[in-house]
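Visitor: One letter stands for each residue in the lines below.
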Amino acid sequence: METNPRILLVDDEPAITGNLAPLLGRAGFEVAVAADGEEALLKIASFAPALIILDVMMPKLDGREVLRRLRRADNWTPVILLTQVGDSSERAMALQEGADDYLNKPFDPYELVARLRAVLRRASPGRPPLAAAQRLASGDLMLDRQSKRAHVSGKEVNLTPKALALLEYLITHPDELLTRDRLLDAVWGWGYPAGTRTVDTRVAELRRVLGDDATDPDYIETVPGQGYRFVGQVESAP
Amino acid sequence: MKIRWPWLAALLPAATGLLTAALVTTGQLENHSVYLAARLVFVAPLVGVLLTGVVFALLLLQRRTQQTIQRAVQDHQAAAAAERRRFLQRLDHELKNPLTAMRAGLANLAWLAPEETGREALNSVEAQTLRLSRLAADLRKLAELETRDLECAPVEMGSLLQEVLEVAQERPEASRRRLNLSLPQAPWPLPAVEGDQDLLFLAVHNLVDNALKFTAPGDTVEIRAFEDGARVVIEVADTGSGILDEEVPHIWDELYRGQGARGVPGSGLGLALVRAIAERHGGQVNLRSRSGEGSVFTLRLPLQ
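Chains D and X supply the protein sequences, listed in that same order.
Going by the numbering used here, the first residue of the first sequence is number 5, and it counts up by one from there.
Going by the numbering used here, the first residue of the second sequence is number 29, and it counts up by one from there.
FYI, nobody ran anything at the bench for these hints, they're computed from the structure.
Fair warning: there could be bad hints in the mix.
Some but not every residue of chain D turned toward chain X, in silico, with C-beta under 10 Å [said to hold, decoys possible]: (1) D15; (2) L86; (3) P113.
Just so you know, even glycine gets a beta-carbon here, dropped at the ideal spot from N, CA and C.
Generate the whole structure from the sequences, applying the supplied hints.
Guide: Written out as structure tokens, the structure is:
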């Protein structure tokens with residue numbers, strides 16, 4: 005039998021770690037807890053987790069700085085950030101700094117478990133995650149995340165900023181079922197009634213601009229009644 | 029205190045006159061008399077112009093005083109609104125961690141208490157926790173609205189309103205109310221508004237959602253829009269219970285819940301969001317209501 009994946013849970017709020025740790029334990033993970041950034045760095049070295057759940061706002065060393073130090077040291081252990089600040093630029097920054105995913109507090113604990121599993125499935129040990137790549141390619145599509153430009157067969161295509169942000173989230177989470185609510189939360193920063201229609205409108209824009217056929221998609225597949233999935237093979241481009 | 033030289037200078041002629049009068053009455057200038065004579069053709073216009081000048085000066089002074097007072101009131105209101113929003117942001121922050129812990133704790137409890145009786149209590153607490161989570165999410169929306177960049181592009185208001193109507197029609201309440209949309213076609217359709225499509229959708233959606241919530245079966249909800257040359261005006265009108273006069277000024281405030289809203293689910297942030305969205309677009313919101321007859325919510329958005 006496979007050993008349980010090791011998870012390091014970092015949050016300065018004992019009520020959160022106290023309740024989340026047993027839940028993660030029951031979900032089949034071996035859990036260690038750290039209460040601040042400095043302790044987190046020590047535990048990462050000694051415990052060698054397969055994944056780190058990292059709160060952003062913490063005393064001493066905040067989550068963002070821990071993540072930066074890890075990546076600078078070429079440590080690509082997958083990280084899920086628990087953001088406190090709901091700002092959309094903060095979220096974009098989280099991905100650019102090499103977080104594999106992020107969740108807004110307060111979140112559904114089972115959603116965290118689902119994300120953990122998805123990130124672990126996607127991760128290839130020791131290699132930078134797709135979320136950290138500057139340029140991503142899938143078939144004829146190329147997305148430059150730094151300059152916020154998308155190309156299809158070498159030709160630049162014109163996308164609204166929201167559609168581009170949506171494409172960025174989809175392409176960095178390939179082969180994962182992304183519900184409309186999750187996309188709203190991740191890209192728009194909030195969920196609201198009837199907001200799911202907003203997602204559909206932008207997906208339609210993406211398909212039109214990328215020339216993707218909804219019935220036989222190269223990129224974005226509709227999962228009926230649930231959401232969307234990026235089906236193209238994604239790799240980081242030079 | 030700062031010496032106000034212009035005012036002192038203005039007093040000089042009066043001082044000179046008074047001094048002369050004093051010298052005359054104390055007898056020092058007794059034998060001096062000045063006789064002035066002028067032709068009416070010069071005096072009449074001179075007096076007229078002087079009087080007009082005085083009246084003009086008084087009017088100007090009054091207007092400036094009014095402006096100063098108005099500006100002070102506006103500044104005060106803006107400062108109070110900003111303070112309130114900062115408070116709500118802090119509240120949002122303080123809610124997040126306990127709610128995260130509570131949701132994880134409830135998931136643990138659900139695991140530990142499989143019996144039917146415990147399950148019921150647990151579900152009820154879970155529902156309330158979710159409600160608080162939604163409140164925290166709405167507070168975040170509001171806070172973010174203040175700071176985030178608007179993704180501005182021309183928004184076709186006609187199709188946006190059509191879409192809001194379609195979403196509203198999917199709600200169960202809609203089937204038992206007359207819900208209609210009227211858009212101008214002649215001489216031209218509704219022009220596009222420069223704005224953030226998602227936010228404008230949310231604003232109109234909240235107004236219609238509100239109208240559906242506060243009307244009874246058989247009531248009418250009308251969405252109307254027109255253009256007045258400088259703005260697009262969107263009205264959401266209903267034949268619901270209306271809003272009490274004393275509640276009308278507060279209805280846009282964050283977390284305000286009127287008497288009629290008791291027992292109706294909602295966070296008390298829906299209309300505050302509408303106002304915040306309108307203001308970020310340089311627009312305004314307004315409410316006319318008669319208790320017992322219904323309400324008209326108006327959203328005005330400037331054209332370029």
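Visitor: Compare the structure with each hint and give your call.
Guide: These are the hints, each one checked on the structure:
no., hint, result
1, D15, "holds, 8 Å"
2, L86, "holds, 8 Å"
3, P113, "holds, 5 Å"
Of the numbered hints listed earlier, not one is contradicted by the structure.
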